[in-house]
Amino acid sequence: MIVLFGIFLLTLMVITALAIVQTQHLFVAVILAGIFSLLMAANFFLLDAADVALTEAAIGAGISTVLFLGALALTAEHERAASANRLLALGVVAVTTLIVIYATFDKPRFGDPEAPVHQHVAPWYLERTPETIDIPNVVTAVLASFRGYDTLGEVFVVLTAGIGVLFLFGAKPRRKAGPPRLAAHEPGDGLRHYLIPRVVGRLLIPFILLFGLYVQFHGEYGPGGGFQAGAIVAAAVILYALLEGEAQALRVLPQRLLNGLIAGGALLYGAVGVAGMLLGGSFLDYSVLTANPVTGQHIGILLIEVGVGITVTGVLISVFHAFAARGRV
Amino acid sequence: MELLGLYHYWIFAVLLMIGFYAVIAKPNLIKKLIGLSIFQSAVFLLYITMGKVDGGTAPIFQAGVGDQVFSNPLPQVLILTAIVVGISTTALGLGIVVRIKEEYGSIEEHEIQEIDRQ
Amino acid sequence: MALALVRALLGPSVYDRVLAANMFGTKTVLLLAVIAFLYGRPDFLDLALAYALINFIGVLAVLEFIRRRAITSAADHNTGS
Amino acid sequence: MPFLLDVASWVLLSLGGAFVFIGGVGALRMPNLYTRMHAASLTDTMGAVLIIAGVMLQAGASLATIKLAAILLFLLLTSPTASNALASAALLAGLRPGDTAAPHEDRGE
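Residue numbers (our numbering), protein chains in the order written: chain A, 2 to 330; chain B, 1332 to 1449; chain C, 89 to 169; chain D, 38 to 146.
Quick caveat, the hints were computed from the structure, so don't treat them as lab data. Do not take every clue at face value.
What the hints assert, rightly or not - What the simulated footprint calls covered on chain A by chain C, stretch by stretch (three residues with Cβ under 8 Å from a Cβ of chain C suffice, anywhere in the stretch; the number is not a length): (1) 22-36; (2) 53-62; (3) 202-213; (4) 238-249; (5) 262-274.
All residues carry an ideal CB built from backbone N, CA and C; glycine is no exception.
Please construct the entire structure, taking both the sequences and the accompanying hints into account.
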């Protein structure tokens, strides 16, 4: 029954994706992309990937919609019709689809425990996690400890992307010819005049922050971890900024502090690695952090998740502010 | 039933190509980015699908319950980080689009090329 | 359960789509709660909780977006394309 | 007793499912945005309450029940807010409640 349900959801996803591509109205496309992300998260959940589903939920539900809308507000809302080489593109796509589908006939059956993926390192991870790290969530263990290098790389990619956006928007917009975007009338006070969203939002923000912290520090035991928590906390701050205006949000969390957070999280991650080296292990080897290797692993994972969370929060909030501030100029 | 087992992969292929189509055929840059994120999601789906094991549950040990089958944690780890990286790179892409709009006054590919040619 | 919603997805105007997205969010929350129990892993309710908390940010963003557009287009009549 | 609980929870779940379904149909069939919104809110309130109550009965007294209660609380808080925000947005964009013929796509521009 669950399999049937999965098939139903997947079909919905294809329909949504088609609608996204087909519509000319970019605003609609963004809203549909939100629905697409919801479906995606439900699917991940069905496929046993609770952590991934939580990430998708945290990112897709709020932040990506907000970012896309921010970009839309700065550009155009409709796309022009007509592209000349449409048939050619369609042909290419059709052929590639057929090739890919043909390739899938070599794939192992869905859910096959004998599939090659399950023969390589995964059983080893599952086996070793209880004895060397001793936390219930294998995903967190692999993420933060076994494959710590990968995650370090990912954190630096996020960091770089954040810096990139800040650089891009660092340049002062050049006044082009044409009607100047009116500045005086746009106080940027957010939704302050809408009483109901404001009251409810203010009520909810502490809970969202609390939930973010829960996800952050409960990541070893249930689905969660730094990436998800970072996104949730960022969502809370963005909600605040939407309700009270960006200026107020920036007063609470100034950009300097955010910059500090962005760099500090990544540095914390790196520092944990170096600390391991100084104490005689290899880079990102947490076992040497304390006398007991297992406790060392716990501390290492905790610190690293905090580092990840801080960086992700900082980057997402700064990106949001960068878009929002651009709109007000 | 044998064919049903491949359904996930087909969906993956179709989604991948829908995203691909949006990237190559749509002149609008934001549409291209949305297409790119669909493409990305398709890849995520492929990975997670491969990690699923029949009768398995999510790879989180439960106290007191022994002898469970777990799905493969490795693809999940890779995708988890990839989602966050994905949103950051998308944000970067959107930033570039906004800058292009400011410089060229348009986000349609052919119009930008037109302006460049002048 | 979500079947009726699919059709709402094709709704005529923009705001219908936002409405559909919002409904979709609620349904996803309910769905996740039910599935978590079908699987017998109630610890995954975190997920539904996350959705319940942040799902409406998107709608608020829409409101803000429209509000901004209303202000800008009140001044000069050719925003957008 | 467990049997009774099971039956009760399934009754609640199916009732909730029915409400969700009715909400979906309403959202599809109603003439304009505001009435559609009215139908959709059925999902958010009755549907959510019933389904979560049903799942709660399955869960029994445990941490999960508390989480479910939290979910219910937040849903009941957020979704009317979202509806309100959406309605204001639509009103702001100039969609009058009286119009039966929904304007096709966005006007203006």
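Hint check:
{"no.": "1", "hint": "22-36", "in the structure": "holds (count 7)"}
{"no.": "2", "hint": "53-62", "in the structure": "holds (count 5)"}
{"no.": "3", "hint": "202-213", "in the structure": "holds (count 5)"}
{"no.": "4", "hint": "238-249", "in the structure": "holds (count 4)"}
{"no.": "5", "hint": "262-274", "in the structure": "violated (count 0)"}
Checked against the numbered hints given earlier, this structure breaks only hint 5.
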